[in-house]
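Protein chains: 2
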Amino acid sequence: MKRAYNVKCVDFTTAGIKVVVMNKEDAIDLDVGAMDRIEIVKDEKVITAVIDLTDTFVPRGTLGLFREAYTRLGAKDGDTVYVKPKEKPSSVKYIKQKMNGVRLTKEQIYEIIGDLMKEELSDVELTAFITAVYIRGLNDSETIALTNAVVDSGGKLHLNAKQIFDKHCIGGVAGNRTTMLVVPIVAAAGLTIPKTSSRAITSPAGTADVMEVLAPVSLSKDDIEEVVNKTGGCIVWGGAVNLAAADDKLIRIRHPLALDPRGMLLASILAKKKAVGATHVIIDIPIGEGAKIKTRSDAKELAKQFNGLGKALDMEVHSLLTDGDHPIGMAIGPSIEAIEILKILGGKDVSPELKEKSALLAGILLELGKVVPEGKGRDAAIKLIDSGKANKKFREIIEMQGGDPEVKPDDIEIGKISYTVRAEQSGRIEHIDNRGISAVVRGAGAPNDKRAGLYLHVEDGDKVKTGQELFTIYANSERKIDQALDVYKERRPIRFSKIILESLD
Amino acid sequence: MKRAYNVKCVDFTTAGIKVVVMNKEDAIDLDVGAMDRIEIVKDEKVITAVIDLTDTFVPRGTLGLFREAYTRLGAKDGDTVYVKPKEKPSSVKYIKQKMNGVRLTKEQIYEIIGDLMKEELSDVELTAFITAVYIRGLNDSETIALTNAVVDSGGKLHLNAKQIFDKHCIGGVAGNRTTMLVVPIVAAAGLTIPKTSSRAITSPAGTADVMEVLAPVSLSKDDIEEVVNKTGGCIVWGGAVNLAAADDKLIRIRHPLALDPRGMLLASILAKKKAVGATHVIIDIPIGEGAKIKTRSDAKELAKQFNGLGKALDMEVHSLLTDGDHPIGMAIGPSIEAIEILKILGGKDVSPELKEKSALLAGILLELGKVVPEGKGRDAAIKLIDSGKANKKFREIIEMQGGDPEVKPDDIEIGKISYTVRAEQSGRIEHIDNRGISAVVRGAGAPNDKRAGLYLHVEDGDKVKTGQELFTIYANSERKIDQALDVYKERRPIRFSKIILESLD
Chain A
1 MKRAYNVKCV DFTTAGIKVV VMNKEDAIDL DVGAMDRIEI VKDEKVITAV
51 IDLTDTFVPR GTLGLFREAY TRLGAKDGDT VYVKPKEKPS SVKYIKQKMN
101 GVRLTKEQIY EIIGDLMKEE LSDVELTAFI TAVYIRGLND SETIALTNAV
151 VDSGGKLHLN AKQIFDKHCI GGVAGNRTTM LVVPIVAAAG LTIPKTSSRA
201 ITSPAGTADV MEVLAPVSLS KDDIEEVVNK TGGCIVWGGA VNLAAADDKL
251 IRIRHPLALD PRGMLLASIL AKKKAVGATH VIIDIPIGEG AKIKTRSDAK
301 ELAKQFNGLG KALDMEVHSL LTDGDHPIGM AIGPSIEAIE ILKILGGKDV
351 SPELKEKSAL LAGILLELGK VVPEGKGRDA AIKLIDSGKA NKKFREIIEM
401 QGGDPEVKPD DIEIGKISYT VRAEQSGRIE HIDNRGISAV VRGAGAPNDK
451 RAGLYLHVED GDKVKTGQEL FTIYANSERK IDQALDVYKE RRPIRFSKII
501 LESLD
Chain B
1 MKRAYNVKCV DFTTAGIKVV VMNKEDAIDL DVGAMDRIEI VKDEKVITAV
51 IDLTDTFVPR GTLGLFREAY TRLGAKDGDT VYVKPKEKPS SVKYIKQKMN
101 GVRLTKEQIY EIIGDLMKEE LSDVELTAFI TAVYIRGLND SETIALTNAV
151 VDSGGKLHLN AKQIFDKHCI GGVAGNRTTM LVVPIVAAAG LTIPKTSSRA
201 ITSPAGTADV MEVLAPVSLS KDDIEEVVNK TGGCIVWGGA VNLAAADDKL
251 IRIRHPLALD PRGMLLASIL AKKKAVGATH VIIDIPIGEG AKIKTRSDAK
301 ELAKQFNGLG KALDMEVHSL LTDGDHPIGM AIGPSIEAIE ILKILGGKDV
351 SPELKEKSAL LAGILLELGK VVPEGKGRDA AIKLIDSGKA NKKFREIIEM
401 QGGDPEVKPD DIEIGKISYT VRAEQSGRIE HIDNRGISAV VRGAGAPNDK
451 RAGLYLHVED GDKVKTGQEL FTIYANSERK IDQALDVYKE RRPIRFSKII
501 LESLD
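Residue numbers (our numbering), protein chains in the order written: chain A, 1 to 505; chain B, 1 to 505.
By construction, these hints were calculated from the structure, which means they are not laboratory data.
It is possible that part of the hints are untrue.
One copy or two, either will do: identical chains are not told apart, so a pair holds if it fits within one copy or between any two.
EDC-like cross-link-like pairs, simulated, lysine to aspartate or glutamate; straight-line CA separation at most 16 Å [said to hold, decoys possible]: (1) K343 to E356; (2) K416 to D482; (3) K86 to E39; (4) K93 to D260; (5) K480 to D31; (6) K480 to D29.
When you get a sec, could you build the whole thing from the sequences and use the hints?
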């Protein structure tokens with residue numbers, strides 16, 4: 001059954017499979033229902049879409065195409081398209097198979113990811129797949145197949161170096177901007193480290209947001225290759241290139257459900273490493289109350305999986321369990337973190353824990369790259385910072401990415417209004433909560449307002465007196481300062497040690 | 001954070017949770033992302049909606065409301081509404097709990113169904129729930145809670161009778177129009193049987209479609225109560241009243257995935273019986289290749305569950321395993337089936353298997369209702385047909401529902417063009433496939449064209465000669481006849497016994 005329709009544009013973009021709006025009477029005629037698939041043909045162009053029904057939005061004989069389908073078909077209002085019902089793709093059968101607990105073959109996983117990329121799967125089908133993977137799990141060979149399918153779904157970097165180094169952090173720790181020190185250290189030692197980073201989703205700053213204060217981060221694949229081939233490193237936004245493209249489409253559904261099926265998490269991370277051609281990778285797994293991984297045994301299990309899957313994917317993966325209980329850097333927020341990085345590389349004694357952690361991570365990469373003997377990596381990394389070599393390399397990278405290589409900490413603007421919160425009591429700081437502090441900085445307007453931020457004046461374990469400075473908030477309006485303070489009062493992220501825990505009558 | 005926006009109507013209806021279209025910049029400002037929830041307030045009206053993002057469809061400061069949200073808020077274009085981010089409802093936590101294999105309490109199930117009814121759940125969340133139930137299953141107490149929650153989600157019939165009888169068929173068998181005989185037989189015996197039926201979804205005719213040839217079937221709850229209190233029975237379309245309202249919302253997602261999680265299937269069927277106040281129910285479970293249930297052991301398991309759950313829900317449920325391998329009635333299609341029913345009730349000797357099966361089913365209800373002693377039900381039912389009492393009762397029901405009680409078989413119009421397919425070989429009919437025959441009738445235009453249909457001239461086991469009539473197709477255009485014949489040639493639903501199964505060189 002095939003029918004001709006006029007076209008009307010619904011000027012509104014949807015993600016995922018194309019949606020068309022069809023008059024209910026037309027749907028009955030075509031023997032299709034809501035959420036059924038149709039094939040739409042115009043000249044040589046063919047797309048698949050799912051049907052949404054309407055009584056009034058389009059009359060009989062007219063098909064409402066959302067902007068993207070409209071563009072894809074090269075249609076104009078009033079043009080004629082031909083429509084016929086279309087069967088579900090066989091990947092829907094494989095999704096059901098996974099629900100039933102049947103292992104998927106490599107070919108079936110490739111077909112699911114292929115249909116995802118061709119936008120042949122509806123949100124309902126994709127959700128069923130992710131839920132099934134969450135409940136049933138993926139075994140090693142399925143995870144490997146998924147990783148390879150995700151890698152093949154997008155572009156790959158082609159670099160001159162034979163050995164390519166990379167790092168990844170599982171995340172959840174405020175001020176943990178190690179990438180911006182690790183990349184210049186490792187590149188200064190002559191190794192190649194093409195780092196793609198993300199923007200903040202639920203945090204006040206992602207590495208891409210911080211780097212963007214200093215240089216453009218939305219580079220094309222060609223530009224990235226040029227920057228890395230010349231300088232040995234880069235810090236760019238992964239979202240601007242289509243490496244591991246299927247991953248974004250999976251995350252679109254995983255995010256609202258807060259579903260991180262283990263197999264998909266592993267595939268997502270390793271696919272991004274594989275797509276840049278990484279041969280040696282370190283994974284930073286912070287453990288702690290406010291971090292993504294809560295217990296050491298969970299972290300160990302995850303590390304084992306990373307290392308094993310890395311091997312199967314021809315990558316040497318080293319996982320590191322790190323302390324993720326409290327903020328690492330003292331500065332939190334895009335601009336203020338960028339300043340902190342420039343200061344550390346410029347030899348200033350700020351955020352010592354961030355410097356030390358970065359040197360430890362970079363040190364392992366230096367050892368893996370045989371630049372220094374085993375056990376000497378951390379010291380060599382510190383030396384590359386203190387000698388100014390890492391600073392020089394960082395500025396080369398900034399320049400190649402299109403930023404100002406002469407930028408000084410003072411050049412970077414931060415929120416013009418500040419407010420300092422002081423201790424209301426004397427005592428010892430027992431704990432500074434990552435999530436609470438992050439929420440305060442988001443309250444001040446980060447990451448959208450890059451100048452919004454927070455500087456911690458105290459660390460876990462510090463003894464403070466009443467009236468001593470705890471932290472300073474920076475924002476661009478009194479309203480934003482108030483908003484950040486409201487979050488602070490609600491979350492109370494800085495906890496003092498108590499001697500009397502509770503007083504009972 | 002709360003913001004004011006102008007309103008613009010997107011004149012297009014979506015099912016499920018309300019969707020609003022927000023400018024990307026506005027979303028960043030409000031610190032919300034795609035698929036996040038917001039609360040929209042106008043005067044005293046409050047709705048929850050999920051966000052879809054746009055670059056251009058609405059400018060900053062304007063919110064695109066789909067028709068339903070627009071109506072619900074009583075908004076006009078240019079009106080101001082207030083918006084703030086909203087947390088996910090706690091039912092989302094329970095859905096995740098089910099994914100994790102944790103049993104749900106009665107209260108949690110009520111909350112999920114409550115949020116579903118308030119349209120607080122997105123399609124992604126609802127799909128995750130259904131997938132989790134499919135994979136993890138529901139235990140008895142969960143199924144009972146779900147059934148009660150679904151019953152309480154809609155209206156209930158309030159009838160005068162103390163004992164209420166009902167029947168249900170699991171479906172999948174062509175021409176299996178027993179309801180239209182069982183209801184008049186049982187009502188003629190003085191029992192009360194308020195039957196709500198469905199329209200065809202994938203079949204060429206649902207009972208509601210066939211009854212609609214004779215009388216209106218979209219009755220209000222009040223009208224149904226009046227018809228049943230006066231005549232003892234009715235045959236109406238369940239979709240027109242909001243009995244077990246949550247069920248339709250679950251089916252909206254289950255249908256495109258073809259997911260019938262056992263617990264939901266049971267809850268869906270029993271909730272509809274409970275909502276009409278049923279005290280005695282028979283469930284017809286056809287078993288066969290082309291039916292929904294393929295094996296006798298599956299059917300037995302299902303019957304056991306129905307009977308057990310019925311008890312827990314204060315209903316006496318009797319499940320019957322029936323032969324579902326081939327079409328039951330000779331007529332298939334809305335009008336032609338209505339004619340067949342009038343003929344059987346009028347004493348004509350047509351579709352003997354349909355008459356016999358209906359008498360067996362009605363007979364059990366007569367025995368349950370103590371109208372006849374055990375073992376005498378079938379004969380009493382046959383007598384009620386042959387005496388004309390069931391016919392008289394049927395016409396009372398037709399009249400009360402608003403149809404013509406004097407209708408004669410010849411008054412009913414069927415497709416003006418017919419075509420008879422004849423045997424191309426001699427032999428014995430080994431099998432007539434339900435699904436294939438149904439597909440041929442849909443090809444002719446049923447159920448939308450009520451006059452499209454098919455009459456079988458042969459049954460399983462019949463000996464036929466070359467050139468003998470197999471079946472006649474009725475449709476309203478040559479094109480539809482051709483379409484039906486194309487389906488016939490592709491599906492070959494009438495299979496002859498073979499002596500030589502295969503010829504090898």
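So, going through the hints one by one against the coordinates:
1. When the C-alpha separation of K343 and E356 is checked against a cutoff of 16 Å, the pair qualifies only within one copy, where the shortest distance is 14 Å, while the shortest distance between copies is 91 Å.
2. Taking CA atoms no more than 16 Å apart as the test, K416 paired with D482 passes inside one copy only; the shortest distance there is 14 Å, against 77 Å between copies.
3. When the C-alpha separation of K86 and E39 is checked against a cutoff of 16 Å, the pair qualifies only within one copy, where the shortest distance is 6 Å, while the shortest distance between copies is 38 Å.
4. Taking identical chains as interchangeable, the C-alpha atoms of K93 and D260 lie at most 16 Å apart only when they sit on different chains, with a minimum of 15 Å there against 23 Å within one chain.
5. When the C-alpha separation of K480 and D31 is checked against a cutoff of 16 Å, the pair qualifies only between copies, where the shortest distance is 13 Å, while the shortest distance within a copy is 55 Å.
6. For the homomeric pair K480 and D29, the shortest alpha-carbon distance between copies (12 Å) is at most 16 Å, but the shortest distance inside one copy (56 Å) is not.
Violation of the numbered hints given earlier is absent; every hint is satisfied by the structure.
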